[in-house]
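A.B. asks: Chains as they are written, first to last, in our numbering: chain A, 12 to 113; chain B, 16 to 251.
Mixed in with the good hints, there may be bad ones.
[Claimed, not checked] On the chain A side, residues computed to face chain B include the following (Cβ under 7 angstroms):
no., residue
1, T32
2, G39
3, R54
4, I56
5, V67
6, M71
7, L81
8, L83
9, V84
[As the list claims (entries may be wrong)] Pairwise CB distance ranges, derived in the manner of DEER restraints:
no., chain 1, residue 1, chain 2, residue 2, range
10, A, P15, B, F166, 26 to 34 angstroms
11, A, P47, B, S206, 36 to 44 angstroms
12, B, L209, A, G49, 14 to 22 angstroms
Derived from the structure by calculation, the hints contain no laboratory data.
Built from N, CA and C at the ideal position, the CB exists for glycine as well.
So the chains spell out like this:
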Amino acid sequence: MNLPATLAGAISAIVIMAFVTYLSRAGGVFIMSRVPIGPRVERFINAMAGSVLVAVITPMAVHGDWGARLALVATLAVMLILQKPLPAIIAGVLTAALWRLW
Amino acid sequence: MSQGSPGAQLDLAGIIVGIRRMAPLSLFVIVFGLAFGVAALSRGLSGLEAMLMSALVFAGASQFAALELWGPEIPLLPLVATTFAINARHLLMGAAIQPWLAHLPTAQRYGSVVVMSDSNWAMAAADHQRGETNVGMLVGGGIALWVTWLFGTLLGVLFGSGIEEPQRFGLDVIMGCFLLAMLVGGRHDLSMLLPWAAAALAALAAMAWLPVHSHVIVGALAGGLAGVLQPARKEE
Numbered sequence: 012m013n014l015p016a017t018l019a020g021a022i023s024a025i026v027i028m029a030f031v032t033y034l035s036r037a038g039g040v041f042i043m044s045r046v047p048i049g050p051r052v053e054r055f056i057n058a059m060a061g062s063v064l065v066a067v068i069t070p071m072a073v074h075g076d077w078g079a080r081l082a083l084v085a086t087l088a089v090m091l092i093l094q095k096p097l098p099a100i101i102a103g104v105l106t107a108a109l110w111r112l113w
Numbered sequence: 016m017s018q019g020s021p022g023a024q025l026d027l028a029g030i031i032v033g034i035r036r037m038a039p040l041s042l043f044v045i046v047f048g049l050a051f052g053v054a055a056l057s058r059g060l061s062g063l064e065a066m067l068m069s070a071l072v073f074a075g076a077s078q079f080a081a082l083e084l085w086g087p088e089i090p091l092l093p094l095v096a097t098t099f100a101i102n103a104r105h106l107l108m109g110a111a112i113q114p115w116l117a118h119l120p121t122a123q124r125y126g127s128v129v130v131m132s133d134s135n136w137a138m139a140a141a142d143h144q145r146g147e148t149n150v151g152m153l154v155g156g157g158i159a160l161w162v163t164w165l166f167g168t169l170l171g172v173l174f175g176s177g178i179e180e181p182q183r184f185g186l187d188v189i190m191g192c193f194l195l196a197m198l199v200g201g202r203h204d205l206s207m208l209l210p211w212a213a214a215a216l217a218a219l220a221a222m223a224w225l226p227v228h229s230h231v232i233v234g235a236l237a238g239g240l241a242g243v244l245q246p247a248r249k250e251e
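Chain A with its partners taken away, still in its complex shape (with noise of 0.2 angstroms):
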């Protein structure tokens, strides 16, 4: 099922969005007031919860241009190098910006 991109169609898929991310907020306590999650069940959501993001990432740096896959392999450089994502993130677009300079 789709959503047009129409200001409804954004609204309603924003307000959906924010009522998944509240059931995530308050499910925790909720369940846990009734039943105690389980090292397998923490396990499940722990692996999962970087999975996700590499999923949305992996395509970006197959699909995209050099720019973008550059720009990734500079923010993890120096998010492995610093630690701090503030800095990794400048570095990723500038090295795209600098890329699609040439």
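Since the structure of chain A is provided, determine the placement of chain B on it from the hints.
C.D. replies: What follows is chain B alone, placed relative to chain A:
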């Protein structure tokens, strides 16, 4: 019944202290909000839509990922699945502080988690560990983050609308770089490499052979399963 119990309470003074303690950190959130505003405009959202998303969803990584799905049509199921998968960590965060919040009246308990986000949760959870009874850090810190996230988005929307070709300045890659920085910056160990590799392969396979936009949820599930199935690490 639990009202007035010494286990936890929420008051205005505690909230103000929470806002103050989060203030230095929340200044950085302005920059991330700015990045989101710029990225949102470059993906075709209007300024109003970008602001509304920041105000109501208030969860950076899932907002960036949603932009990836945005187009002339918005695929509802992938949007819901992606949002849930990225924000599922909130379930664990909420569960971790549930014994604390259980002392609050129901409305306060489910009201305070509206603004629960990674950094205010981390500081509040540390408060709880120390035996602090005031939940103000969670709520006040969340309010500080929400205001600065919204303000940053506004700046991004104002700044982004002045840019004709976002690609030329590398602004289209903000989204990918943000998500990658979040991925690497989280508290992970090497045991995550196997689930992540499974997620990457599954996402690429889904992209090649399954319906459009299914790759995110296929990758997330593959990674989650790999995490459960791989041999448990020896703790201690």
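A.B. asks: The structure should be examined with respect to each hint, and the outcome stated for every one.
C.D. replies: Structure-based check of all given hints:
1. T32: This hint holds: A/T32 lies near chain B, its Cβ roughly 5 angstroms from the closest one there, short of 7 angstroms.
2. G39: 3 angstroms, holds
3. R54: This hint holds: A/R54 lies near chain B, its Cβ roughly 5 angstroms from the closest one there, short of 7 angstroms.
4. I56: 5 angstroms, holds
5. V67: 5 angstroms, holds
6. M71: This hint holds: A/M71 lies near chain B, its Cβ roughly 5 angstroms from the closest one there, short of 7 angstroms.
7. L81: Violated: closest Cβ of chain B sits about 9 angstroms from A/L81, beyond 7 angstroms.
8. L83: Interface hint status for A/L83: holds (6 angstroms vs cutoff 7 angstroms).
9. V84: 10 angstroms, violated
10. A/P15 <-> B/F166: 26 to 34 angstroms: Check passed, 30 angstroms falls within 26 to 34 angstroms.
11. A/P47 <-> B/S206: 36 to 44 angstroms: 23 angstroms, violated
12. B/L209 <-> A/G49: 14 to 22 angstroms: Holds: the Cβ-Cβ distance is about 21 angstroms, inside 14 to 22 angstroms.
Violation of the numbered hints given earlier is confined to hints 7, 9, 11; the remaining hints are satisfied by the structure.
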